[in-house]
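Student: The listed protein sequences correspond, in order, to chains Z and H. Going by our numbering, the first sequence wraps up at 628, each residue one higher than the last. Going by our numbering, the second sequence wraps up at 368, each residue one higher than the last.
In short, the hints are calculated from the structure, not lab data. Just so you know, even glycine gets a beta-carbon here, dropped at the ideal spot from N, CA and C. Careful, some of the hints might be misleading.
Claimed, not checked - To give an idea of the interface, some chain Z residues facing chain H are shown, with a C-beta separation under 10 Å as derived from the structure:
| id | residue |
| --- | --- |
| 1 | E492 |
| 2 | L521 |
| 3 | G529 |
| 4 | S531 |
| 5 | V539 |
| 6 | P542 |
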Amino acid sequence: MDWQAIWLTARLAAIVSGILLVISLPLAHWIVFSRRRWTFLVESIVSLPLVLPPTVLGFYLLMAMGTRSPIGRVWSEWAGHPLAFTFEGLVVASLFYSLPFAVQPIATAFSQIDPTLREASATLGASTLRTFFRVVLPLSIEGVIAGVVLSFAHTVGEFGVVLMVGGNLPGVTRTVSIAIYDHVQALQYREATMTALVMLAFAFAVLLAVYGLRRRPLAAAPMA
Amino acid sequence: MTLAVHLAKRLSSGFALDVSFAAEPGVTILFGASGSGKTTILRCVAGLVRPDAGRIAIGDRALFNGDAGVDVPVQDRRIGYVFQQLALFPHMTVARNIGYGLAGLSPAEHQTRVAEVAESFRIAGLLDRRPGQISGGERQRTALARALVTNPAALLLDEPLSALDYAIQLHIMDDLQRWNAERRIPILYVTHSHREAFALGDRLIALEQGRILASGSPHDVLDHPAQAPLAEIAGFENVFGATVVARRDRTGTMQCVLTGSSTDLEVPLGVAPEGAAVQVAIRAGDILLADREPVGLSARNVLAGAVLDCSMHGSTVVATIEAGARFVVHLTPGGADSLGLKPGTRVWLVIKTYSCRVAAPAHARG
């Protein structure tokens, strides 16, 4: 079993889903509650990785990270090495790739909140921030958890983007998905089977958690 | 303090609101059919909808002034709002709901204020429950307590009691009136119920299609509608075109023939001369029914007719009766049973002279 790859993947997914939570809460809030007309544009951009082939996304990210692009140059000068084929590069790529999986469940949960609850909160003197933490977040906690879990799981499973941006450097960019692929290529079916089983168990546990949460009548309270 | 409202608002649906009024301390009823603009007025006062133009002020504090560019954000207006759906926070207990608007108090002070208002609205025993675990009347009381605990400068109520039965409504309004007796804030109360308007209001503003039709005491506005649309919205289910055929100054009555029929009614003497076209309005609940021709009555109008249709609406039986014109009559289920009402049943309508209201005809209004 490739514990190094499993540990690296878990670290990557934890960092990515953590950062995505921080990004997605305000982003979903803006998409759902803003009255601006071009929210659909942002929504489309956020959802792009859902329909874009991972290799295409990976290709563009690789180009952007190269020293010929302004972003890549700034990073290289700051960090002393290019972003591509590093763990940091993998984190950045995964953020883009998994963004819709965090934003969409959160935005869906936000949009299901009765709008008069937010209005009532405002008439009671609460700021948008207070309304968010006292009303919006508690009532959409299931969606938020689903967003974190799905973005974590999705980061664990990515393959095309990782291969394009990260390559296959053991301990640096070699994730579980890549490791399994490698084992198969090398005809090491025993190792591949073991690692794949770990992934299967993990995926099933994730779904149990997500669907189990939905069953809990957290905010079930009939209103007059 | 007085709540002064002058506002114009055009909605994307094409609906245009243009009203101007001042609400003194006490209950002011905003009365009108659905779609007359009542709720939009409340939303503008609360700051949830921005008027196109106008001024809204509480005392000398401006909440909105289109010319001066003043538009105080909702959360800084200090206007209590009880929504039609109440909008209680489902994930919080009654106590947390009530205390929601109390920011920056010490825990002890916070608790005292919540306990105080819960006591006034008789929900002190429910503080640990959630909105889903209490009755409709109790949710109503919680919503009122939550809006009032912050000592708002005015209170807006959007048909808050319409889902409750009448006894509970009166009880809750009693508590609200008692609470407001010391504080004397203006309360805008939106309703389309005639009964609530009479029971609760010091003053009534009747709205139709975004404009103020009339204002005054509920009795003045609703009982003497000078205008037919108001007669209709004020609960006169029967409104007929008619012609005055005889005036009897001595008895204080006049005789009218309903347009398109030979049916005539004795009505109270009005200003209309003989031959003038008028409208006669009669409430469905003011008409008596008999299953044989009544004799020895003081009521002057007895019309023979036949039941066209008869159905239950809540606890009221609504009968449509053809008696030269189509009359709508409201009865209790017991009353309908004892007459054996069904389509085709022959009945007599009994209408007192003073149950008939006379108004200028629709085309004569300005």
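Student: All hints are to be evaluated individually against the structure, with a verdict given for each.
Tutor: Outcome of the hint check:
For E492(Z), the shortest C-beta to C-beta distance to chain H is roughly 39 Å, which exceeds 10 Å, and the interface hint is violated. About 5 Å separates the beta-carbon of L521(Z) from the nearest beta-carbon of chain H, less than 10 Å, and the hint is met. With a least beta-carbon distance of about 5 Å to chain H, the hint placing G529(Z) at the interface is held under the 10 Å criterion. For S531(Z), the suggested interface contact is upheld, since its CB lies about 6 Å from the closest CB of chain H, less than 10 Å.
Satisfaction of the interface hint for V539(Z) is found here, the shortest Cβ-Cβ separation to chain H being roughly 6 Å, below the 10 Å cut-off. Interface restraint check for P542(Z): the shortest CB-CB distance to chain H comes to about 5 Å, inside 10 Å, so the restraint holds.
Consistency note: the structure conflicts with earlier hint 1 alone.
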